[in-house]
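Given next are the chains, with one letter for each unit.
There are 2 protein chains.
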Amino acid sequence: MSLLVVGSVALDSVVTPYGHRESILGGAASFFSIAASHFVPVRLVAVIGEDFPEEHVKLFAERNINLAGLERKSGGKTFRWKGRYIGRMDAAETLATELNVLGSFKPTLPAEFCSTPYVFLANTDPVTQLHVRRQLKSPKFVLLDTMNFWISGARAALIEVLKEVDGVVLNDDEARSLAEESNLIRAVQKIAAFGLRTIVVKKGEHGALLFRDGQLYAVPAYPLETVRDPTGAGDSFAAGFLGALAERGDLSFAGQKLALTYGTTVASFTVEGFGLERLMTTTRDEIDRRQEALLSFIRV
Amino acid sequence: MSLLVVGSVALDSVVTPYGHRESILGGAASFFSIAASHFVPVRLVAVIGEDFPEEHVKLFAERNINLAGLERKSGGKTFRWKGRYIGRMDAAETLATELNVLGSFKPTLPAEFCSTPYVFLANTDPVTQLHVRRQLKSPKFVLLDTMNFWISGARAALIEVLKEVDGVVLNDDEARSLAEESNLIRAVQKIAAFGLRTIVVKKGEHGALLFRDGQLYAVPAYPLETVRDPTGAGDSFAAGFLGALAERGDLSFAGQKLALTYGTTVASFTVEGFGLERLMTTTRDEIDRRQEALLSFIRV
Numbered sequence: 001m002s003l004l005v006v007g008s009v010a011l012d013s014v015v016t017p018y019g020h021r022e023s024i025l026g027g028a029a030s031f032f033s034i035a036a037s038h039f040v041p042v043r044l045v046a047v048i049g050e051d052f053p054e055e056h057v058k059l060f061a062e063r064n065i066n067l068a069g070l071e072r073k074s075g076g077k078t079f080r081w082k083g084r085y086i087g088r089m090d091a092a093e094t095l096a097t098e099l100n101v102l103g104s105f106k107p108t109l110p111a112e113f114c115s116t117p118y119v120f121l122a123n124t125d126p127v128t129q130l131h132v133r134r135q136l137k138s139p140k141f142v143l144l145d146t147m148n149f150w151i152s153g154a155r156a157a158l159i160e161v162l163k164e165v166d167g168v169v170l171n172d173d174e175a176r177s178l179a180e181e182s183n184l185i186r187a188v189q190k191i192a193a194f195g196l197r198t199i200v201v202k203k204g205e206h207g208a209l210l211f212r213d214g215q216l217y218a219v220p221a222y223p224l225e226t227v228r229d230p231t232g233a234g235d236s237f238a239a240g241f242l243g244a245l246a247e248r249g250d251l252s253f254a255g256q257k258l259a260l261t262y263g264t265t266v267a268s269f270t271v272e273g274f275g276l277e278r279l280m281t282t283t284r285d286e287i288d289r290r291q292e293a294l295l296s297f298i299r300v
Numbered sequence: 001m002s003l004l005v006v007g008s009v010a011l012d013s014v015v016t017p018y019g020h021r022e023s024i025l026g027g028a029a030s031f032f033s034i035a036a037s038h039f040v041p042v043r044l045v046a047v048i049g050e051d052f053p054e055e056h057v058k059l060f061a062e063r064n065i066n067l068a069g070l071e072r073k074s075g076g077k078t079f080r081w082k083g084r085y086i087g088r089m090d091a092a093e094t095l096a097t098e099l100n101v102l103g104s105f106k107p108t109l110p111a112e113f114c115s116t117p118y119v120f121l122a123n124t125d126p127v128t129q130l131h132v133r134r135q136l137k138s139p140k141f142v143l144l145d146t147m148n149f150w151i152s153g154a155r156a157a158l159i160e161v162l163k164e165v166d167g168v169v170l171n172d173d174e175a176r177s178l179a180e181e182s183n184l185i186r187a188v189q190k191i192a193a194f195g196l197r198t199i200v201v202k203k204g205e206h207g208a209l210l211f212r213d214g215q216l217y218a219v220p221a222y223p224l225e226t227v228r229d230p231t232g233a234g235d236s237f238a239a240g241f242l243g244a245l246a247e248r249g250d251l252s253f254a255g256q257k258l259a260l261t262y263g264t265t266v267a268s269f270t271v272e273g274f275g276l277e278r279l280m281t282t283t284r285d286e287i288d289r290r291q292e293a294l295l296s297f298i299r300v
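Here the protein sequences line up with chains F and B, keeping their order. The first sequence begins at 1 in this note's numbering and counts up by one. The second sequence begins at 1 in this note's numbering and counts up by one.
Think of the hints as simulated: they come from the structure by calculation, not from any bench. Just to be clear, a hint being listed does not mean it is correct.
To be verified - Among the chain F residues that face chain B by a calculated CB cut under 7 Å, a handful are:
{"hint": "1", "residue": "Gly19"}
{"hint": "2", "residue": "Arg21"}
{"hint": "3", "residue": "Ala92"}
{"hint": "4", "residue": "Leu95"}
{"hint": "5", "residue": "Ser182"}
{"hint": "6", "residue": "Leu216"}
{"hint": "7", "residue": "Pro220"}
{"hint": "8", "residue": "Thr261"}
{"hint": "9", "residue": "Phe297"}
{"hint": "10", "residue": "Ile298"}
Said to hold, decoys possible - Chain B is nowhere near these chain F residues, computed Cβ spacing over 10 Å in every case:
{"hint": "11", "residue": "Met1"}
{"hint": "12", "residue": "Ala68"}
{"hint": "13", "residue": "Asp125"}
{"hint": "14", "residue": "Val127"}
{"hint": "15", "residue": "Arg155"}
{"hint": "16", "residue": "Ser177"}
{"hint": "17", "residue": "Glu180"}
{"hint": "18", "residue": "Gln189"}
{"hint": "19", "residue": "Gly195"}
{"hint": "20", "residue": "Ala221"}
{"hint": "21", "residue": "Pro230"}
{"hint": "22", "residue": "Leu258"}
{"hint": "23", "residue": "Glu272"}
As the list claims (entries may be wrong) - Calculated lysine to aspartate or glutamate pairs in the EDC-like style (CA-CA distance at most 16 Å, straight line):
{"hint": "24", "chain 1": "F", "residue 1": "Lys77", "chain 2": "F", "residue 2": "Asp51"}
{"hint": "25", "chain 1": "F", "residue 1": "Lys106", "chain 2": "F", "residue 2": "Asp125"}
{"hint": "26", "chain 1": "B", "residue 1": "Lys137", "chain 2": "B", "residue 2": "Asp166"}
{"hint": "27", "chain 1": "B", "residue 1": "Lys190", "chain 2": "F", "residue 2": "Glu225"}
{"hint": "28", "chain 1": "F", "residue 1": "Lys82", "chain 2": "F", "residue 2": "Glu22"}
{"hint": "29", "chain 1": "F", "residue 1": "Lys190", "chain 2": "B", "residue 2": "Glu225"}
Virtual Cβ for every residue (Gly too), placed ideally from N, Cα, C.
Bound conformation, chain F alone:
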């Protein structure tokens, strides 16, 4: 089963207590597609500028990633994000954002992409997410990511698109804001009432929660001794989750629980290196071995 991702490809500059990197490959769709390509063929829809290094395009192409939807805008500059993490690195501080070509991103899917069964609508303006959703033909499972900027600034549009997707992935603070409810369990129940059957709540080093048709499942994070850069953890978490769902085709509660553990495993690789460094060198075999280690860490 193939998997479509629509989102940002970026050039990131990142500082953490472990070092810094300038203009490295980043963006939600980059993390997602590289991570998900360990599970199923990926179709990428994104926009880049003239300045985007050809070597990054090659990295995607060398994997199982279809680039028919990667638009290079002549005369444009690639989306850039600059941020830093301090102390325990539990939140990114954005130092600069240059939207550039992403500012006018209003993707039209290649015709052959419209019937992709599994779809990830990465974090962006919910109006754009809805525009993409409406081009899809009977998808099996559409997962949407969002952030506080849209929850507070484009609430009505966000709730509109949430009614047309199968699942949402957000962090615990975002879940509380979206539901306007401080207790996380009640917050998740309120979000379900928007019409969503699957809600995935990421809690960083504290793991994740899955809510599926009224049933709850919780998984702790994989225990890591070294976290170098949290950038992309959420997108690769979503990739492990949706990648495992697409690979196995089991959308039951049991299937989604297992998929959540794959999300946890994949994200644990991402944060061990800067940007995509660690995720690039990971093999499927290594993912499966760590997945087994995670299961033994959480099984009573």
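Chain F is already provided as a structure; the job is to place chain B on it using the hints.
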């Protein structure tokens, strides 16, 4: 198997977003002994003042709690704590502490208590904890609780007593301070190097970690829709853990993993009511049913 607890019995005044209570029964040893009495007979060693209500003494006596070590100091006043929790209630703000009779608490165990197999040294001055530890005759398992006040103020004494116990229970910030290490997994490994075979790290609403002989296990917190008062959660967590160990007598990694889930279950009752209100009305049957619900919430 019986279980000994040495610690504070207090009169607490607490404010949370859900209301307030004045001079209710509190203190680490109260929470621990009431909670642990659902599992095994408990022996309580603590000190109270003349002002301590006889009805509270009756509450202990009506349960399976041996009060031969409960000293009432004539002319003295009971330890009092006043605190409040705001917002998401993740930390208590202490408004007032009156040590009173607790200030000179230097317990001599009743002779028949010295050979109790399972022992909880509740949070207090590590010098006092060591004084108690040295009165014990070949215990099977001694668990120690501590807090940041002793970690920073009595570090050498704390490390001395840690070498003579089997396990320590602390929250994640305390673990980081004790180990002087910001990564929690590395922190736990450093604490183990003090000579401890069992380390239990409580993370509040994010669950708990167990480290036993180099092996790690993580459990999420039981998903609660209403948390009214977090006071005593840590002590009842320790009671569920040690109570289950004492009841089953299985100190293996598997036995301690299961015990950790009982700690999680028992603490979930405590925080649903003010002080001991909810824990008082809980039955063993109700604990076992919630334990099953917790296991289905965490099993993949």
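- Between F:Lys106 and F:Asp125, is the straight-line Cα distance small enough, at 16 Å or below? 10 Å, holds
- Query: Holds or violated: are the alpha carbons of B:Lys137 and B:Asp166 at most 16 Å from each other?
  - Reply: 14 Å, holds
- Per-residue hint verdict: F:Ile298, partner chain B, C-beta under 7 Å: 6 Å, holds
- Message: Would the non-interface assignment of F:Pro230 survive a Cβ cutoff of 10 Å against chain B?
- Response: 13 Å, holds
- Taking the closest pair, is the beta carbon of F:Asp125 still more than 10 Å from chain B? 29 Å, holds
- Straight-line alpha-carbon gap F:Lys82 to F:Glu22, limit 16 Å: With Cα atoms ~9 Å apart, F:Lys82 and F:Glu22 stay inside 16 Å; holds.
- Item | Check on F:Glu272 being off the interface with chain B, judged by Cβ distance over 10 Å | 12 Å, holds
- Message: Does F:Gly19 hold up as a contact with chain B if the rule is Cβ-Cβ below 7 Å?
- Response: This hint is violated: F:Gly19 lies away from chain B, its Cβ roughly 16 Å from the closest one there, beyond 7 Å.
- Query: Taking 10 Å as the cut and beta carbons as the points, is F:Ala68 off the interface with chain B?
  - Reply: 36 Å, holds
- Is it correct that the beta-carbon of F:Ala221 has no partner in chain B closer than or equal to 10 Å? Given that some Cβ of chain B is not farther than 10 Å from that of F:Ala221, nearest at about 8 Å, it is violated.
- Message: For the restraint on F:Thr261, tell me whether the closest CB of chain B is nearer than 7 Å.
- Response: 6 Å, holds
- Pair hint B:Lys190 and F:Glu225, alpha-carbon separation not exceeding 16 Å: Holds, because 12 Å separates the two Cα atoms, which is no more than 16 Å.
In terms of the numbered hints stated before, the structure departs from hints 1, 2, 3, 4, 18, 20 and 22, listed from lowest to highest.
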